[in-house]
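> Chain residues, written in single-letter form:
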Amino acid sequence: METLSSLADGFAVALSAQNLLLAFLGCFLGTMMGALPGLGPANGVAVLIPIAFSLGLGPTPALILLTSVYYGCMYGGRISSILLNIPGDEPAMMTCLDGYPMARQGRAGEALALSGIASFVGSFFATCGLVLLAPQLVKIALLFGPAEYFVLFTLAFATLGGISSSNQAKSAFAAALGLGVAMIGSDSQTGSERFTFGEIHLYDGIDFLIAIVGLFALSEVFVFLEHHRGGAAGHSGAKIGRLLPSWNVLKRCIPTMGRSTVIGFLAGVLPGAGASLGSFLSYSLEKATVDRAGDSFGKGDPRGVVAPEVGNNAAAGGALVPMLSLGVPGSGTTAVLLAVLLQLNITPGPLLFQRNPDVVWGLIAALFIGNLMLLTLNIPLVGLFTRVLLVPTRILMPVVAMISFVGIYGITGSTFDVMLMVGFGILGWVLRKLEVPLVPVILGILLGNEMEVNLRRALQISDGDWSILVGSPLAIILWIIAITGFVLPIVLGRRMRARIEANRPADEVATGD
Amino acid sequence: MSDRIFGCIGLLLAAFYLWAAWIIPDSFMVDVVGPRTFPYIVGAVLAITSAVFILRPDPEPKWPGLRDLVELAFAAAVMFLYAWTLPKVGFLIGTVFATAYLTWRLGSRPLGALTTGVLTSGGIYVVFHLILGLSLARGPFGY
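In the order they appear, the protein sequences are chains X and W. FYI, in our numbering the residues of the first sequence are 1 to 513. FYI, in our numbering the residues of the second sequence are 514 to 656.
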């Protein structure tokens, strides 16, 4: 009941004219970014953060704008998967498998509409799940002391590589790199200058937005330059055909939607899993359940389009649960959203629900509204979004780069910071080449200081006794999860990765990335 | 091989990091842990993981050829130059050239690239500065 009244208050916040407009804008921009290959949810949100701040939006409006972009990307990713067999972003990879064959049979419109409905179902129920689960998790989180928080952060880093990670050493290296960058600047506890070497620009530390925009957005520009991929993603004249699926097809997909929502949501809530795993698991499980003989999946089965789309959208909603209630994001994009909160001086975690209920519930209400908008935007206007695919990347990518520059310069007004961002862009490109994941770097920069502060508080309480880190049952459980999460991929990862690779569309393997 | 080189660089970085952590000056405020402990842990993780790269390298990534590397280096240089000259030449002029360069290198014809540069620069100026009121770098002519 308490939840319902909070949600009602949230709707009151979200239904203001400004917030509705921002939600609409976010949904529209998000769908376009999702549709464009090369711009995923993480880079899309990263480019827009500095802009949102230099415009002086308040916390709730800024969050509404950026989460709408996030949800919109999850919708948009499917468009190029279906029409061109090129996933618009990573989670949309599995949608290619049945979506593209459907398009080639002249059922593109049907596949697009069906996947739009699937996206809606997935994110709608995941948002409901968020409403129910997050307050419960908050209750547990209130039991956390500094020692438990330190272990929780360790857990986040240990599991971030995820089950599909190829090399755990590289995830750990990335996390340490991020933590190392976070240490730069004056120490919050004693005021000592650390790693500044007398450089005045470093006294305040490195702004995480500079790192995020550099690592995510600019490194993408370098990847495009390297491969000279300047052409348009799509060709004109992709026939869309009939838009609405028949009731029979839709009816057959309902059980699929139910199963995939649950799997996707769980994959999203678990740390380190994220939307890509959500769509992968939903697709594989659906194939194992309804198509044992293996004769319709992969050849344009509508259920094969619905399952991954429901899965990735449900995971997107699920990933917000740990981010909002614990302050520990489970995926790259939620890490970027965490940066938004930190920039607004809002510490996510259990206290967020008590101190800023208007932010949390306004955001959740905005997600419901955004979802409805996305559904209505996506079914009739899908033709408009497919036009976006005609924009050649030789124009698109420089524009992305320039908007990144404008955003960072707008916030900091310092050329040193802008050059630092270019440096991060180059670093991001090198790390991607070496298959070092970028998300732990970001998370390290974001959480580093918080993690250290908690460690120091814990040891202050215990008067320097390190055994406090395993001093409570809760901490021990978290350690066990962390260690399992880190070791398991070393044992299982290779097999999982091989299966994901085997399912990738042939085109994508050829172009690399 | 790339991973081994990367591991060596990682080890050097870790050593540098540990050294830099070691010389962190003490402050008049003290706490039990002190400002050095956590950086030591971070440095140790860097060192251990780098050693793993050297001992168990991954398969070789596909590096671009020399020409593409030069291409990337030039693009990076242009971006640095753009950032450095931003307050001197102003947003509008700098952006025209930076965008034009990137568009040209991604495969536009020179004239088309210049047009894209002018349109992008003007477009961003109108949308972000005139409509949304964002402050952009001012050049010698005030824009």
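No lab work stands behind these hints: they were computed from the structure. Accuracy of the hints is not assured; some may be wrong.
[To be verified] Estimated spans, in silico, between C-beta atoms of each pair:
id, chain 1, residue 1, chain 2, residue 2, range
1, X, HIS227, W, VAL543, 52 to 62 Å
2, W, ASP544, X, GLN354, 48 to 58 Å
3, X, GLU435, W, VAL543, 49 to 59 Å
4, X, ASN248, W, LEU582, 53 to 63 Å
5, X, LEU474, W, ARG580, 38 to 48 Å
6, W, LEU582, X, GLU435, 39 to 49 Å
7, W, PRO623, X, VAL430, 25 to 35 Å
8, W, PRO574, X, GLY464, 49 to 59 Å
All C-beta atoms in this analysis are idealised placements derived from N, C-alpha and C, irrespective of residue type, glycine included.
> A separate judgement is required for each hint: does it hold in the structure or not?
Structure-based check of all given hints:
The hinted range of 52 to 62 Å is satisfied by X:HIS227 and W:VAL543, whose Cβ atoms lie roughly 53 Å apart. Here the CB-CB span from W:ASP544 to X:GLN354 is close to 28 Å, at odds with the stated 48 to 58 Å. Checked against the hint of 49 to 59 Å, the pair X:GLU435 and W:VAL543 fails, with Cβ atoms roughly 42 Å apart. In this structure the supplied range 53 to 63 Å holds for X:ASN248 paired with W:LEU582, their Cβ-Cβ distance being about 56 Å.
For the pair X:LEU474 and W:ARG580, the beta carbons lie near 56 Å from each other, so the given range of 38 to 48 Å is not met. Hint check: W:LEU582 to X:GLU435, Cβ distance near 18 Å, so the stated range 39 to 49 Å is violated. A C-beta distance of roughly 30 Å is found between W:PRO623 and X:VAL430, which places it inside the suggested range of 25 to 35 Å. Between W:PRO574 and X:GLY464 the CB atoms are about 44 Å apart, so this pair departs from the stated range of 49 to 59 Å.
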